[in-house]
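Peer 1: The residues making up each chain are set out below.
Protein chains: 2
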Amino acid sequence: MTLIVALDRSSSKNERDVIGVISKICNMVSGVKLGIPLFVKYGATIAREAREVCRNNMIIADLKLADIGDIMISTAEILLPHVDAFIAHSFIGREGALDDLKGYLDSRGLKLILVASMSHKGSVEVYDKEIDNIADVIKGINPWGIVAPATRPEVIGRLRESLGKEIKILSPGVGVQGVKPGVALCNGADFEIVGRYITNSSNPVETTKLIIYEQKRRLDRCRK
Amino acid sequence: MTLIVALDRSSSKNERDVIGVISKICNMVSGVKLGIPLFVKYGATIAREAREVCRNNMIIADLKLADIGDIMISTAEILLPHVDAFIAHSFIGREGALDDLKGYLDSRGLKLILVASMSHKGSVEVYDKEIDNIADVIKGINPWGIVAPATRPEVIGRLRESLGKEIKILSPGVGVQGVKPGVALCNGADFEIVGRYITNSSNPVETTKLIIYEQKRRLDRCRK
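Respectively, the protein sequence lines represent chains Y and A.
For the first sequence, my numbering gives the first residue as -5, with consecutive numbering after it.
For the second sequence, my numbering gives the first residue as -5, with consecutive numbering after it.
Take these hints with a grain of salt, some might be off.
Treat identical chains as interchangeable: a pair holds within one or across any two.
Taking lysine-lysine and the DSS-like style, the derived pairs with C-alpha atoms no more than 30 Å apart in a straight line are [stated by the list, open to error]:
1. Lys105 - Lys115
2. Lys133 - Lys123
3. Lys203 - Lys123
4. Lys105 - Lys123
5. Lys159 - Lys18
6. Lys123 - Lys18
7. Lys18 - Lys162
8. Lys133 - Lys18
9. Lys123 - Lys218
10. Lys218 - Lys105
11. Lys115 - Lys18
12. Lys123 - Lys162
13. Lys123 - Lys210
14. Lys18 - Lys218
15. Lys133 - Lys203
16. Lys159 - Lys203
17. Lys210 - Lys174
18. Lys123 - Lys159
To be clear, the hints were calculated from the coordinates, so they are not data collected in a lab.
Only a predicted model underlies this, so the values are computations on that prediction, with no experimental measurement involved.
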């Protein structure tokens, strides 16, 4: 499976609604990514509930951690029982930050996913100027996966070339942000992350099916 | 007043203990900075309770926001009633990110504080290489304040020179991270941020008094 559903926004829905949406589709997706607004609204509860309804999915805490090592570890500790993977920013560097977090997550059998570039336009102002240094940080840390935007296929290609095939590439920006399902997979990503396109749909199950169908159709064509 | 107390770690203390510590010292400090582990543990409740016990302090949500604009706004919305200022990373750039957040916070009369550099050693690996671009992002956004580490006085000096006197500089890294109280103020910071040195103290009130005394003594000497 190549689809991760993102629950990023708190919206006006309550906790039960948020969990309700994913409970219907967790057997159709690889993972469930929980965004920072949900943690700030509900605390660790939201991860515990996501784990309860989606027992076999990878639950990803997308806090975009970007702090010193011991603060990131202190954050991860709280979510340990409910979460499989944490997303952190690569731009904070290794010493006293990502080295510490990676060591901690490794010792608990948890996955680290590093943001390598972002999907908004401002990513080129600073972040993408450091793409070579960031690739070095990523190589040094050797995380389970990285995040690279579907909106900038050349960045995905460059990172795939630089990092090899072992590291998973997760691509947000599919759906509402404008990229069609399957495009990032064709450009070298392993998973596409879809949020609002599913969660705002009047029929999340049908929309998810449609996305999976489109991914497969586009992949079949680009792999020919 | 030139001191901000940081409640960054969740530790084994419960919510009541966390709030208990600050309730004793909020009349001695300018602001209370709440770190991401507390939000992940308790949700928005922790900010509401901090506001209740420290009505006249600046309450700072130190989530180190580093996401696309609408996710950061969705996060800020949740904390609106309880918080005066939000910390975000300058590294993510303006378009589709910090521009959006600044516009939103301005419209609500709230302060934005941007991280310009970090206190751990890994900050030099990527972040500090972009100090000039980051200074440009900060000038373009014109936030209320920035965060620059007490551990690297040359960075504080360079940012103060580049940004002028209007923007407040907040300096973490004082106390347990090794820098003596008053040193960052002498180097051009407006506020020093102290966490564990106060919160782990057996007598937080006496420790806070001592820090304020040391700040004043060092400032008196360096301003001669």
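Peer 1: Determine which of the earlier numbered hints do not hold for this structure and return their numbers in increasing order.
Peer 2: 3, 5, 6, 8, 9, 10, 11, 13, 14, 15
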